[in-house]
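**Q** Here are the chains, one letter per residue:
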Amino acid sequence: MKHRLRTTFQNTNFLVGFSILIILLLLTFVAPLFMQGSPLDMVGTLFNKPGNYVNRMGVIDAPKYPMSIEVDSIRLGAAVSNEEAAQMLEWFEKSELDIEWKMLNPAKDHAEIVELFLANYDDSIRLPGTSAYRKGFTRLYLKVQNLLSADGYVVQVEDSSSDSGYREVTKIQSRDFTNVKDVPARRFFLLGTDNFGRDVFHELVSAIGNSLMVGLIAGSIATTIGLLIGLTSGYVGGWVDNLLTFVTNMFTVIPSFVILILLSYSISSSSRSIVVVAFVIGLTAWPWTARSVRSQTLTLKNRDHVNISRLSGFGTVRIIVTDILPYVLSYVVMAYILQISSAILAEAQLSMLGLGPSTTTHATLGLMLSWSMQFQAPLSGAWWAFIPVVLSIALISFSMNLMNTGLDQVFNPTLR
Amino acid sequence: MTETDRVKVKRRELTDTFLEGKNMSKVYGMGRKANRAVDNVNFKFRRGEIVSIVGESGSGKTTLAKMILGLTSITEGQLEVHGQPRAFGTTAEKREYWKNIQAIFQDPFSTYNVFSKIDKVLLNCIELRGQKNLPYAQKVEIMTEACSFVNLRFAELTNKYPFELSGGQMQRLMIARIYILKPKLLIADEPTSMVDACSRATILDMLLKLRDEEDMTIVFITHDIGLAYYVSDTIYIMKSGQFVEQGTSDEVILNPKSDYTKRLLSDVPSIYEPWDLSSDDVEEDEFAAASGGDS
Ligand SMILES: Nc1ncnc2c1ncn2[C@@H]1O[C@H](COP(=O)(O)OP(=O)(O)OP(=O)(O)O)[C@@H](O)[C@H]1O
Ligand SMILES: [Mg+2]
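Sequence lines, in order, name chains A and B.
Heads up: the first sequence at position 387 corresponds to 680 in my numbering, and the numbers run straight through without jumps.
Heads up: the second sequence at position 28 corresponds to 34 in my numbering, and the numbers run straight through without jumps.
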């Protein structure tokens, strides 16, 4: 036994899979320690991009450091959108002035385009087209012109004692800088926010934990039921075997996912907690474990060591536990791992169909996917709301399958 | 005939019928696929007798053994112990039955649970003897004695797993198990076919010793008619589930009536060759003494 365990942990496949799983588990335990609030707090707004968010008032309050860093072109570049840059290029083309603009990319070279535009724009050049079309260019010019000419912002607060009703707090010059660290209120969204403005990374970490729990519960239930039924029907035989095999076959013939959907559907959505869904998945996943345990038990029970135990007067339970179970255990462990990973997938599928756990207090990988689909994250380009989830599911399945391959190589060395 | 006589020590009148099978059959499967693995056999095993059941592969020897052992059900016919139908219903009755009827199987490598230490096998049969609560020291005493009976040292076996033993050692340990249980009937289903010639002689010798010392009935199942002649008092020849010939070993071997027996005999070139018992483990002295007393 000890020897087996050691060779198992020397197997590269198993080791890699196991390490991935342990890292994921550690992540789910350690990461929350460094995060504030609950994973489902709605902190942001719809699909905020990943990044470091700092409080704007905090920036004003923070000490300022004037620096001699060229900022105008950067600011201008950031201030115009791709469409506006394209509009400027259009003006260059229509105006037929001698400008080197063909090399410029409206998606990238904002700063250069704005600079060229400011230098060359002439309101007196009449472009063909409607007046509204022409006015568009004028407005654009004024916008960037304003940006450039603004030498700074004045920040005021309301103050009734003053003549104007406002009191100046501070002036912000274009070359003023603030150390981000001096801004006390900031929030880092590694993976942005989801449709409800929740921190996706925080949510993901807790969802991985919850999904693993679903897998563990469902896998344990499925494996226990499968093991019990397989051992009993294989060892006891007779009508018990006939009955159990009949039930098992029935569950195998009807696709378990259909049963799963019907079961989940019949449970009112308010009582579908994570644990209930895990139970439902476990209750439908046992048949194939039962079948293979049964067939292994059938061959094992004809081995002479079982006969010797029977001749020693041992009861059925004792023989099953000491003489059959150890022989099927390696197989059962492998089946267990596969059950866990397929239960995680089943939860994801159920949730995508809207039959997953209905909870507002916990997230699972399936629920996260389902939410991001409902709010059309892929269409909004909010990749951060679903790609990390998909990758997590893939990673968990991958690590479990690796472990399984490793175990297979250890216990069935002929496959090597 | 001196060679065989030498072995059949303490030969005496065998009258006390221990086990009797009446019209026993075993049918596997149903309908057209029905296979009569054992077909209407009758037999009588007496106290202290060595019975050989000889037949080729698939003739139903193991099936018959399993029926007698109660490991598989009897389809037709019945089994009588001391003239009474065997009591084999409740768990207690089964345990009582197995105290009296035990077996050694063919393949020592499949006879052991590879996940348990081997002393467990001996401890288990002490438990079957109803001495589960004996102090451990006394159990060790019993096991040590049994092991020395089969020329094994108990101290070397403790904490070992089956794969650390050789086939011959495993089979001897099985005999030690029998020695502890001291059943009235032992079914040895080809106990020597998987071990080397040297261990084979040792094991046969130990079986004979068991018969002599414990007055055990031994049912020796084999496909080797020469070996059967060498060890047994009575021989049953089995073919396709039926006994085609039965009688004392001399009758069957020297005056075979059935063609099948004759054919079996013709396949064995030299059944009269003395068996080589000169292995290290055999106690020659005892043999000499035994054969001396017989002739
Ligand atoms: N559990 C079983 N189910 C169905 N048929 C069986 C079963 N066990 C044995 N048989 C059949 O019964 C017949 C006798 O088998 P058995 O094992 O008794 O032969 P055997 O004389 O012991 O042979 P061998 O010398 O090879 O051990 C064979 O045809 C076999 O196929
Ligand atoms: Mg056999």
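Source of the hints: derived by calculation from the structure; they are not laboratory data.
Hints are not guaranteed to be accurate.
Heads up, incomplete: computed chain B residues facing chain A, CB under 8 Å, no partners named [to be verified]:
1. 101
2. 104
3. 106
4. 130
Label-pair restraints from in silico Cβ distances [claimed, not checked]:
5. A:531 - B:263: 25 to 31 Å
6. A:312 - B:164: 35 to 41 Å
7. A:535 - B:159: 56 to 62 Å
8. B:83 - A:531: 48 to 54 Å
9. B:100 - A:312: 50 to 56 Å
By construction, the Cβ of each residue, glycine as well, lies at the ideal position given by its N, Cα and C atoms.
**Q** Evaluate each hint against the coordinates.
**A** Right, here's what the structure says about each hint:
At its closest, the beta carbon of residue 101 of chain B sits 4 Å from a beta carbon of chain A; the interface hint therefore holds under the 8 Å criterion. The interface hint given for residue 104 of chain B is met, as the beta carbon of that residue sits about 5 Å from the closest beta carbon of chain A, less than 8 Å. Taking 8 Å as the C-beta cut-off, the interface hint given for residue 106 of chain B is violated, the closest approach to chain A being about 11 Å. Because the beta carbon of residue 130 of chain B sits about 5 Å from the nearest beta carbon in chain A, less than 8 Å, this interface hint is met.
For residue 531 of chain A and residue 263 of chain B, the hinted distance range of 25 to 31 Å is not satisfied, since their beta carbons lie about 42 Å from each other. A beta carbon spacing of about 39 Å between residue 312 of chain A and residue 164 of chain B agrees with the range 35 to 41 Å that was offered as a hint. In this structure the hint that residue 535 of chain A and residue 159 of chain B lie 56 to 62 Å apart at CB is violated, the actual value being about 49 Å. Between residue 83 of chain B and residue 531 of chain A, the C-beta spacing of about 21 Å breaks the proposed range 48 to 54 Å.
For residue 100 of chain B and residue 312 of chain A, the Cβ-Cβ distance of about 51 Å falls inside the hinted range of 50 to 56 Å, so the restraint holds.
Of the numbered hints listed earlier, those contradicted by the structure are 3, 5, 7 and 8.
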